[in-house]
Structure formats: C-alpha cells, structure tokens
Amino acid sequence: MSGLSLHAVRKRFGDTEVVGGVDLDIRDGEFVVFVGPSGCGKSTLLRLIAGLETTSSGQIHIDGRDVTGEDPVKRGIAMVFQTYALYPHMTVATNIGFPLEMGKRPKEEIDRKVAEIARTLHLEPYLQRKPRELSGGQRQRVAIGRAIVRQPGVFLFDEPLSNLDAELRIQMRLEIARLHQQLKTTMIYVTHDQVEAMTLASRIVVLRGGKIEQTGAPIELYENPDNSFVAGFIGSPKMNFLSAEVVGRTGSNEVVVSALQAGLRDLTVTPRGPAPAPGTPVTLGIRPEHFLPSPDQSAVGGTVSVIERLGGVSYVYVQLPDGSVVTVERREHEHIEPGQVHRFAVNPARVFLFDNAGFRV
Amino acid sequence: MKSTQLALSFVAPALLVLLAVLGWPLVQAVLLSFQNVKVIGSQGSFIGFGNYAKVLADQNFWGALGRSAIWVLANAVVQTALALGTALILNQKFPGVRIARTWVIITWIVPTVVVVIIWRWLLSSSGGMINPILIQLNLIERPIGFFQSRESAMTSLILINSWRWFPFTALMMLAALVNIPFELYEAGRIDGAGAWQRFKRITWPLLQPTLVVLGVVGTLLSFNVFDVIWLLTAGGPAGGTQTLPVLIYETAFKGYQLSEAATISVLTSIVLMGFALFMTRAMNSAEAQR
Amino acid sequence: MKRSVVQSFWLALSGFGLLLVIGLPFWWVITGSIKLPREIIGRVPTMIPQSFTLQHFQKLLQASDFLVYLINSVLVSVASAIIVVVLAVPAAYAFFRMRFPGRNGLYRAILLAYAFPSIVILIPLYGMFSALGLIDSPLALIIVNVALALPFSIWMMRSFLSNVPREIEEAAVVDGAPPAVILVRIMIPLITPGIASVGIFAFISAWTEYLFASVLIVSDARRTIPVGFAGIIGQYQIDWGLLLAGATAAILPVVLLFAFVGRWFVAGLTEGAVK
Chain A
1 MSGLSLHAVR KRFGDTEVVG GVDLDIRDGE FVVFVGPSGC GKSTLLRLIA
51 GLETTSSGQI HIDGRDVTGE DPVKRGIAMV FQTYALYPHM TVATNIGFPL
101 EMGKRPKEEI DRKVAEIART LHLEPYLQRK PRELSGGQRQ RVAIGRAIVR
151 QPGVFLFDEP LSNLDAELRI QMRLEIARLH QQLKTTMIYV THDQVEAMTL
201 ASRIVVLRGG KIEQTGAPIE LYENPDNSFV AGFIGSPKMN FLSAEVVGRT
251 GSNEVVVSAL QAGLRDLTVT PRGPAPAPGT PVTLGIRPEH FLPSPDQSAV
301 GGTVSVIERL GGVSYVYVQL PDGSVVTVER REHEHIEPGQ VHRFAVNPAR
351 VFLFDNAGFR V
Chain B
1001 MKSTQLALSF VAPALLVLLA VLGWPLVQAV LLSFQNVKVI GSQGSFIGFG
1051 NYAKVLADQN FWGALGRSAI WVLANAVVQT ALALGTALIL NQKFPGVRIA
1101 RTWVIITWIV PTVVVVIIWR WLLSSSGGMI NPILIQLNLI ERPIGFFQSR
1151 ESAMTSLILI NSWRWFPFTA LMMLAALVNI PFELYEAGRI DGAGAWQRFK
1201 RITWPLLQPT LVVLGVVGTL LSFNVFDVIW LLTAGGPAGG TQTLPVLIYE
1251 TAFKGYQLSE AATISVLTSI VLMGFALFMT RAMNSAEAQR
Chain C
2001 MKRSVVQSFW LALSGFGLLL VIGLPFWWVI TGSIKLPREI IGRVPTMIPQ
2051 SFTLQHFQKL LQASDFLVYL INSVLVSVAS AIIVVVLAVP AAYAFFRMRF
2101 PGRNGLYRAI LLAYAFPSIV ILIPLYGMFS ALGLIDSPLA LIIVNVALAL
2151 PFSIWMMRSF LSNVPREIEE AAVVDGAPPA VILVRIMIPL ITPGIASVGI
2201 FAFISAWTEY LFASVLIVSD ARRTIPVGFA GIIGQYQIDW GLLLAGATAA
2251 ILPVVLLFAF VGRWFVAGLT EGAVK
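Protein chains in written order, with my numbering: chain A, 1 to 361; chain B, 1001 to 1290; chain C, 2001 to 2275.
One or more of the hints may lead you astray.
As the list claims (entries may be wrong) - Here are the simulated DMTMM-like pairs of lysine to aspartate or glutamate, each with C-alpha atoms no more than 25 Å apart in a straight line:
no.	chain 1	residue 1	chain 2	residue 2
1	A	Lys130	C	Asp2220
2	B	Lys1038	C	Glu2170
3	A	Lys74	C	Asp2220
4	A	Lys113	C	Asp2136
5	A	Lys104	C	Glu2170
6	A	Lys104	C	Glu2167
7	B	Lys1254	C	Asp2136
8	A	Lys130	C	Asp2136
9	B	Lys1254	C	Asp2220
10	A	Lys74	C	Asp2136
To be verified - Have a look at the derived ranges for each label pair, beta carbon to beta carbon:
no.	chain 1	residue 1	chain 2	residue 2	range
11	A	Thr270	B	Glu1183	30 to 40 Å
12	B	Leu1073	C	Val2006	53 to 63 Å
13	C	Gly2017	B	Val1077	33 to 43 Å
14	B	Ile1190	A	Leu168	51 to 61 Å
15	A	Arg129	B	Val1271	51 to 61 Å
16	B	Glu1183	A	Gly209	47 to 57 Å
17	A	Val195	C	Arg2099	54 to 64 Å
18	A	Lys107	C	Arg2099	49 to 59 Å
19	B	Ala1069	C	Ala2012	36 to 46 Å
20	B	Glu1183	C	Val2006	17 to 27 Å
21	C	Leu2075	B	Gly1145	18 to 28 Å
22	A	Gly209	B	Ile1099	30 to 40 Å
23	B	Glu1183	C	Arg2099	46 to 56 Å
24	B	Ile1190	A	Ala357	38 to 48 Å
I should point out that these hints are in silico values taken from the structure, not numbers from a laboratory.
Here a beta-carbon is modelled for each residue, glycine too, at the ideal position from N, C-alpha and C.
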C-alpha cells in the first residue's frame, strides 16, 4: 500500500509533448481515475508511473521513494492491461504465478498463493486451462489475479473494461470496486468512460492535452467544475452551453445575464468569484436536469427535434430559435413529440458561468 | 545503458559471423583489386588503380555488365508477374489449396544442379521432351536449339531461373497477402468494386512494402546467380550468357587473374550498392509522401 | 463470397497451368529415371512410362559416391540450419523489439550484405580458410552457409515477431522478467512456426549451395550433393538415364523432408489465413 506523487512530469515523443507538466499527489489507498478524451495523455501517464515509458523530465515517487528511471518490477506496481496480455501458451496457474517465479520464490509458496487467489477470484476450476479457453470475464479475473499475487503497493488499470460487452462491463466494474474495498490498495485506473470514472473513483483526475484540468471527488467535479471542459466532460448527457452576455449587476455580487439568441432574458446568476462587468461575454452551462418545465408562454423554448426515451427518464433535444440544440431531461412521460414546441424555465441557482477562455467565473 | 548492452549482445554473434565471413573478405577483395596477383597463393605488388583502368577499358566488362542488366531486368519482370499471379491464385480458397501452397516451392527446394539436369535434358535437341512434344503438336518443324544462339540461350536461362525462383517469391508475397483483412475485400465488394478494382485499390497498395523488399533483395540475388548459368552454358555460346558473376569466375579460375577478378567484383558491388541505396531511399520518400 | 462461374473457370485454368508448369518437369524426370534408354530418347515422348528398369540407379550407385554426398549434405545442412536459428532469433528480437542506438542503420547494413556477389568473397575466404586449415572441412561450409542465410532469416523473423502483441511483453516486464527470460519463455514459444520456417529456409539454402561447396571442399569423401552431381553431369554428359536417376535421387531426400516439415514452413508464413 503506497502513496504516489508526480512532480512536473513531462513526456515527449519526437516533437510532440504528450504529457506536459503534471503534478499530482495520491494518498495511500485512494482509487484515482484518470479520465479524458483520446490523446489526452492518460495512458501515457499510467505507463510512466508503471515504468514502461521513461519521463522526459520530472520525478515520480512511490511510497516516498524516487523511482524515476527504475524498472517496473522495482516500483512495487502491478498492471492490468486493456487486452489482459495473458501469456497464451501458459496455463492460468502459471500465468498467475509468473510474477512470483520471476521473483524467484520457492515453488510451495507460489503454489499456495496461486491457490489462494484462485479461490478468491473463483478461478479454481480453470487453473489448468489456457487463456484461449476462457471467456472475457474469466480472462479479466486471471489478469487481476496475476496483478494481486505480488501484493503490490499500487494497482494500475489501463482501460480494462473496454473489451467487454455492456453487461459484463457493469459486473466487472462492481468486482473491481469490491476488490478495492477488500484490499484497500492504491489504485490508478485509466478510462475514457466517464460513467466508470464517476462510479469507481474516490478521486477523478481529468486530463486534456497532456495536462490536468481538475482533480477532485466525482461529485465535486460534477457540482463544481473549474472550467467548461470539465463541466462538459463529466455528466451524461453533456452539459448545455449557451452564449450569453452580462447585462447588469446587482448589489449582492450577482449578475444578470441574457442569452438573447437562445431566447433567454434577464436571468440572475451568482458567480463563484467576483462578478464580471456588464458587457462581458460569458457562456452559460446548464445541465439537462436543471431545465424545469414551464407552462409560461413567454418562457424559453423551441422545437423538439428528437426525443430519447429510456424508460424512467427521457432526453428531449430542443432546437432553440438561434439554431442551437439543448438537451432537456424529463421524468414524466408526457406526450412530447418531435415537431412540438417545448417550453422550459432555467433554475438560476444551477447555472454555471464561464468566461470566453473556458474558466469558471 | 544496461538494455543497450543486452540488445547488442543479442545481435553480436550474428554480426560477428557476418563480419568474419562477408565483411573481412570484402576488405581483402578490395585490397586485392589494388594489387597484381595472378594465381591464388602467389604474391602481388601494389599497383594502385591499374586494374581498374584495365577493366573499365575492357569490352568484356561492359558486355558482361550489359548482359547482367538484361538478366536482372528480364528475371524481375518474368518472376514478378509469375509470382504475383501465383500468389493471388494461392490466396483463394479451393480444394487442394493447402497442398498447393506447400508444394509449389518444390522448384526451390531442389538443388540447382537438379534444375540444371532437368532442363538440360528437357530442352536438349536429342533425347529431350520439349522438342518432340512441340513437333508432335505441330508447333515447330525441326527441334529448337535452345542453347544454340546467344539470344535463345539467354532467354532459356532467364525462363529456367524464373521457373526455379518464382514459387518461392510467390510464397513470400502470399505471406503478405494473407495479412490483408478479409473484411476489406467484402467492404470493397459491397461498394461495388469488381475484381480488378479490388486488386488495384486494396491488394496492390497493401502489398507494396513487401514487394519493395522482395524486389530489392530479389534483384540483388538474381544479379548474383552463378551456378545455373555456369552449369548450363558456362557463359556461352561465345560469351552470349556471360554475366558479371561468370566473368569474375572465369577471370579468377580460368584466366588466373585474381586481382583483376577482384577488381571486377568490387566494381560490381559498387553498382549493386548504388542500386540498393537508391531503391531504399526512393521507397522511403514514397512512404513519407503517403 | 461466392465466386462466379467465369471466375471459377479462370481460377481452375490458371491453377491447372501452374500445376503443369511446375509439376510436369518433375514428373518427366522421375518417370524418365525408370525408363529404358531407348524410351527416353525415343522420337515420341511418353507421359506414362512404357518400360521399367532400375539400371540407371544401379549405375548411379556404382559410378559415384552418391550416399557419401548425401550424408555430407545432410550434415552440413542440418548444422547450418541450427546455427542460423540460434543466431537469427535473438538478433531479430533485438532489432525488432528492443531499442538501441544505431538499430535501424545496422539492420539495413545487414540486408545490404546481399549486395555483393558471393564471388567477391570467394577468393579471400579461400585464403582465410586455407590459413586456418579448414579447407575440405564441413565446418568451413557451415560457416559460409550460415552467413549467407542470416540476413534474410532475420528479415523473415520480423513478421513472426510482430504477431506477438507488445502488451504481452510489457506484462512480462511488469512481472519482473529480464529480457533474456522474455525471449526464451515468452517470445520463442509463441513464434515456433516462425522458427521452423527459418530453420527450413536455412536448411534448404545450405542444401542447394553450389559455389562455395565446389571451391572449399576438395576431396570426394566430403563432397556435398550439388557439387557431386555437377561432377556426374560433366562425366556422363549424355547418359540421360544416369543423369535422370541422379536428379531423382537428389530430389527425393528434400521432398521427403518437406513432406514432413513443409507445411510448417508454409503455415508459419501464412498464419494470417487461419485468423
């Protein structure tokens, strides 16, 4: 069980800087999820921590020790790969025991530990099988078993669930969560799926373009994003963004904004920081669930273009007068049909304000 | 760095063998070319570029170079065409294709001397099989002397050498062909591409890297072919099939002009190196463009 | 994907043509070796032998040291094949899966080894081996064969190595396996078809090698098949029966070998088809 810290870590491949100055402290026992769009550097960062890539500059400390430049095996880490990377020609038992073999442990110890792990992961009937005879979920567990067997200080997961079908994914997600509860080891998990991030993480690290955009507990990122990128990335369906302008200020640090092209007028919103001056262009961020139905004929509205009914909740895509489309969440099964006019009000307390550079205002 | 040392130690044994067997003798050959050694084992003295002047002024050299060029070109064309066609056939599914794939290279696994015996017999004017069959089919009236004239001898050699090598080349191409995902062809078919279109737009581009390597290595290897020519025509008739390797051999072992032979060898190597470097550079820039 | 009738026709035609071009000569030679001399040189060539005789083979065994040549060839070829594999596999692994400075340049330099006509090195090599007392020794031949086969063998290993996903190697690195262990316990078991292919390639290259065998081996007792038969051709110029028997005798061992291992060679190369 180890804590981890990264200082000014950078990595370039040729002329491209894939990781551009990352500072991060991870406490012992945390479940940290690296999340971000493709190419944001999350996998590279994971591989740097693993030692599969060397940093171009910066240091990595694991358990208080500087491991920059050290071989993976000396870092006290274990990794579960996206394709599981099981040794195809070895049995499940040999696969799981392989790290101990490399550590030159005596045979009785290896056999004992492998049996123990097989029991924990329900792999006992498969110990003498080869990976190709196993299902996707079973292979996953073998990969996890191989990682657990060395009792590492840090577990690294590189998008382990992307090769599974939807149902299996949910099942394995729960197993990984359970594993963390059981072992209480530090876990670093890379995914592009923000649902996985939200459900598994004790802390999420959002990456973009090789840099950290924001870190924090899932609910914190959801309710208090630092910028429009994080706001738009976390939460599904995506947050709605409307261009607006500050038209006035009140005495108690509130601003009045209008998004005229969307048809939104004179909304009073509380910024997080000091109130910007009138005339400042801003972007409003409104989550789909923060639109309220409104019978008021003068409320904001537009034409329904598509409605997605998921059973308990429906997402209504409304095209506003200026052509932009907003997503509205509805829980009642009203007769909303494409082509209809749909009006809604905005809950001003739940509106996020962003400046033109994307920063939270 | 430790891993560099280790990697080098993996490469070292192979490298050592190559340096000892190919590198060092090469150096020796270059040194030899600057001397005037006649017979193997005799001593020679340093004569600078004397041999080079003599060789470059010699008609025989240029003649042999020209014949080598024809040899390489013709072989390349015939072999590539046959190999590609064969590879495409072997890439299909039909009963017996597995057996075909295994046994088609039988022409390569038998020693060259066997190839020589086979064709010397088949093409001979008395006792062979080809002439009587052609006469029986009324395609010719009198037996063809396949090795009689310079042109026919060269042509026969080219075809024989191609016969020997094209299945092996076909197999190498097949290895590249099978790596083209089947779905690409299916998608092409759905998009309405006919067989020729699918070849031109899917097969050909994906095959090119392999074709390039095969082309370069194949050309180098065919340039150096010695035994087939030597055992069938010994460079004749009247030097009509005397390619550079044959010339070198004759100069060294029949003419007892060791240094001169070395000189021709060095010149030949320069030509081939130039070709190889030119080709790889051209391919690299073509790759970069894409 | 069903083939149209027209396509099937052309496929069958070209397939048949291929069969004729490659198979007929061998058929003729093998059947010719058991025909009586008068049938061999008869005006009308026969597809099915009308006569049968073993006289040519008898003469072959009497007139030459065929069996000796065979044993020598087997010895040299097997040794060459083994050594090529032992050298080429680690070298290929280093070139294609490890990183070190000068890797690309060195790899290209090795392929360029084929840019030199073998004759160039023939004379100096003769001098070298002579000084080492290795003339007329199979060892000299083995060393030369190994060197000639190495560059292409390393190139062949490339595609086999690339079929092993990098993640498996990385997992082994994370598990603490040093590179030598990765090569032996992980890579080699996963590329055995490739190794077989390379071995077979080296074997056959050595089996058919003529030039160096003719110069480096002097005594009849150490001679290999290609040179032995060239001698027979020279000696029995137009005794077609004898020559055909010789050719058949030279074909049979490799054909026999290939009957067992041939499909490994091909399978190794065409693995992709199975996927």
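Straight-line Cα separation of B/Lys1254 and C/Asp2220 no greater than 25 Å?
Between B/Lys1254 and C/Asp2220 the Cα gap is close to 22 Å, so the pair holds against 25 Å.
C/Leu2075 versus B/Gly1145 beta-carbon gap, inside 18 to 28 Å or not:
41 Å, violated
Could you see if the CB distance from B/Glu1183 to A/Gly209 stays within 47 to 57 Å?
Between B/Glu1183 and A/Gly209, where Cβ atoms are some 34 Å apart, the hint is violated.
Take the C-alpha atoms of A/Lys104 and C/Glu2170, compute the straight-line distance between them, and say whether it is at most 25 Å.
Satisfied, since the Cα-Cα distance of roughly 19 Å is no more than 25 Å.
Satisfaction of hint between C/Asp2136 and B/Lys1254, Cα-Cα up to 25 Å
21 Å, holds
Does C/Asp2136 lie within 25 Å of A/Lys130 when you go C-alpha to C-alpha?
51 Å, violated
Take the C-alpha atoms of B/Lys1038 and C/Glu2170, compute the straight-line distance between them, and say whether it is at most 25 Å.
Not satisfied, since the Cα-Cα distance of roughly 59 Å exceeds 25 Å.
A range of 36 to 46 Å was offered for this pair. Does it hold for the Cβ distance of B/Ala1069 and C/Ala2012?
38 Å, holds
Starting from the hint 54 to 64 Å, judge whether the C-beta atoms of A/Val195 and C/Arg2099 obey it.
Since A/Val195 and C/Arg2099 have Cβ atoms about 38 Å apart, the given range 54 to 64 Å is violated.
C-beta pair A/Arg129, B/Val1271: status relative to the range 51 to 61 Å that was hinted:
59 Å, holds
Does the Cβ-Cβ separation between A/Lys107 and C/Arg2099 fall within 49 to 59 Å?
Taking Cβ atoms as reference, A/Lys107 and C/Arg2099 lie about 34 Å apart, which means the hint is violated.
Given the hint of 30 to 40 Å, check if A/Thr270 and B/Glu1183 actually sit that far apart at their C-beta atoms.
55 Å, violated
In terms of the numbered hints stated before, the structure departs from hints 1, 2, 3, 4, 8, 10, 11, 12, 13, 14, 16, 17, 18, 21, 22 and 23, listed from lowest to highest.
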